[in-house]
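Trainee: Here is how the chains run, residue by residue.
Protein chains: 2
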Amino acid sequence: MRQVAILGVAMTKFGVLEKTNLEMFAEAGLEAIALSNLEPKDMEALYFGNCLGDFEEGQMHMAPFAHAELGLPVGVPATRFESACATATVAIRHAALLVGSGVYDVVLAGGTERACAMGTPLATRTFAMGHHAQHESTAGLTFPGVFAMAAHIYSEKYKVPLKELKRNMAEVAVKNHFHGAMNPKAHFQKEIDVDTVLDGMMVADPLQLFDCCPFSDGAAAVVVAEAGKARDLVKKPVYIGGMGQASAGPLYLQKDLSRVMAREASIAQAYRESGLGPDDVDVVELHDCFTIAEILALESFGLYEFGKAYDAAAKRETYLGGRVVVNPSGGLKAKGHPIGATGAAQVTEIVEQLRGESGPRQVEGARVGLVDTLGGDFGTICNIVLRN
Amino acid sequence: MRQVAILGVAMTKFGVLEKTNLEMFAEAGLEAIALSNLEPKDMEALYFGNCLGDFEEGQMHMAPFAHAELGLPVGVPATRFESACATATVAIRHAALLVGSGVYDVVLAGGTERACAMGTPLATRTFAMGHHAQHESTAGLTFPGVFAMAAHIYSEKYKVPLKELKRNMAEVAVKNHFHGAMNPKAHFQKEIDVDTVLDGMMVADPLQLFDCCPFSDGAAAVVVAEAGKARDLVKKPVYIGGMGQASAGPLYLQKDLSRVMAREASIAQAYRESGLGPDDVDVVELHDCFTIAEILALESFGLYEFGKAYDAAAKRETYLGGRVVVNPSGGLKAKGHPIGATGAAQVTEIVEQLRGESGPRQVEGARVGLVDTLGGDFGTICNIVLRN
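Respectively, the protein sequence lines represent chains F and X.
Take the position in the first sequence, starting the count at 1, then add 1; the result is the number in our numbering.
Take the position in the second sequence, starting the count at 1, then add 1; the result is the number in our numbering.
Here chain F stands alone, though its shape is the one from the complex (with noise of 0.2 Å):
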């Protein structure tokens, strides 16, 4: 395999937007491409993730009509991923393979979601069907209902009492917004604090309104391209390490809530791919769709043990300036969630601070960074290692 790397990265403002899906992610791909020092002609194909344009906007197939907006040339191809919400990190790691593998020298992946104009409700009820429809969908089962179950499975296995859980989980969430905060781009821009959470609606017990991230509107693409051509287009390309995606299958087939199977196959991939390992991880961009996520993922990566990363907010362990920083973007709390395009938001994040690029919530020497996508209750993980 060649050595990727990735050039251009550019997301659009995420949050409640009066834009169509190829409006957002021609903003974001043309952008991309331009920081790149490249042109549409140049994209020898797109990889284009998107959750429900069929339920939004009528538009199945949006991928070719991805490829027109951008002006890129008829013989290029454009496919669509949908992962669920690891949607645009499948994408990106699809394009890195066949960049990798010599298929192709230079591609742009990323994704785009329009989810707002549905209004939650339907936006709720339309992303639910990521639950296995014939056994749990039926059942009731919620995406904040899972998470509150793994919230529950979490305090009863590590005896940790539901009511300290809460108020570290509440403690995520600071942190996020804090980051959040500092980026313009993020959906809520707004501090928030433990009280905001714990007085906040409940959503599924223990999970409360603040514990909870929004549906989102917005875009995020990614050019890829072989190193070689990376280091003669752009200052400072940043390395892919390695990559690993793994799938788990429904809810019931789960052992253990507190241990997400499919995330420990993908980031053990990862690792053996890039050489390195926790220790070496500076900042990562994860998957905190609820508070309790994004505890989950810490000890999945072997950043925490197992039962201990429940308070690193808490101690701040995982704010700018903490051992591991965690969402410096954000995250899906703050930053927000336009589902199919979440991966490549992150992937923008983890590229941007290796670079140097991140102003206020810049990590200070940051060489390696660790993106994880979840997709689904706990079905499909996809997660990339890049480094400087």
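A few of these clues could be false.
Which copy is meant is left open, so a pair is good if it fits within one copy or across any two.
Straight-line Cα separation of at most 20 Å, EDC-like style, residue types lysine to aspartate or glutamate; simulated pairs [said to hold, decoys possible]: (1) 42 to 265; (2) 230 to 45; (3) 237 to 40; (4) 164 to 200; (5) 20 to 137; (6) 164 to 196.
Keep in mind that the hints were calculated from the coordinates and are not lab data.
Assemble chain X onto chain F, guided by the hints.
Mentor: Then chain X, alone, in the frame of chain F:
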């Protein structure tokens, strides 16, 4: 790139089935694995196609659930593709690219669709989301409408009177039903005559009911492996000679509906990669979603000059025993069209033909076969050249 082979291939019966997408895909997938003399645990990745599971069954993120249904290990990534009707072909192409480049040695690829339970009106409305939603669906565009326009343009451009063109289009349907009557997996296994077509209900002038393929339920899957490994496992592996995939955006960017730009780019790539050309092709499975579509495709392949393929079926040149056999399976027209499965069923037919296993519809001495799948209204084309 390493040489890539197809081992086991399998498809469910196509038609109106009382089965879920996961049940159908598991049936096809497990059979394809068994016919490869392998077990599910030997698969290193799953490339899975489905278009509208969210409307069909309230199921997004179907790939990891298909993975679980097949009993694949957790470390094996399952990835969903959606390229409208070209979905499964695009999934198989990516499986082959990743095997060819050494990322994987053995991959399962295919697709499934369950359109019939929605009923024709809802199926028609949902699959019409493959048009450009903002600019074209809102204008009332339908797939029969697009191909009806193509037929009018063909008639005008090549001075083939519409009445004559219609009779010749009917001959395409007659041929594909003739072939389908020999295929025990086909949705329709009954011969028809030209009058059946010309007496049919008008759908979109000049397309009548029997000019149009049906919605079907069904799944198909193939095992893709490195050629050396394939030779150890099965007696008659069939090799991938070359592949193409291209995108041409929405209908408003097509210059001439009698020429499918994306197909011309895609087939050129597939021929170039394979070192083969139209003179080498013995058998074709192509995208006859409408009878006129078969005529257009034959011309893009270079099997006929532009404006000359319209009477190929009437002259019996594309029948079993003709100079190039087209859609011996019955094609989308008679075998049926479960959207997300279609490309994998086309590959299944060509592989069986090249192995000499097609029974009464065997193309004698078939050595080179071509797969062609069109997604949307000319937005995506994927081609695969297979050979002994």
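Trainee: Hint by hint, note whether the structure agrees.
Mentor: Going down the list of hints, with the structure as the test:
Only between protomers do residue 42 and residue 265 lie at most 20 Å apart by alpha-carbon distance; the minimum there is 18 Å, versus 39 Å within a single protomer. Taking CA atoms no more than 20 Å apart as the test, residue 230 paired with residue 45 passes inside one copy only; the shortest distance there is 14 Å, against 30 Å between copies. In this homomeric assembly, residue 237 and residue 40 come within 20 Å of each other (Cα to Cα) only inside a single copy, at 19 Å, whereas the closest approach across copies is 45 Å. Taking identical chains as interchangeable, the C-alpha atoms of residue 164 and residue 200 lie at most 20 Å apart only when both belong to the same chain, with a minimum of 13 Å there against 74 Å between chains.
For the homomeric pair residue 20 and residue 137, the shortest alpha-carbon distance between copies (18 Å) is at most 20 Å, but the shortest distance inside one copy (33 Å) is not. Taking the closest pair of Cα atoms, residue 164 and residue 196 come within 20 Å of each other only inside a single copy of the chain (13 Å); across copies the shortest separation is 76 Å, beyond that limit.
The earlier numbered hints are all upheld by this structure, with none contradicted.
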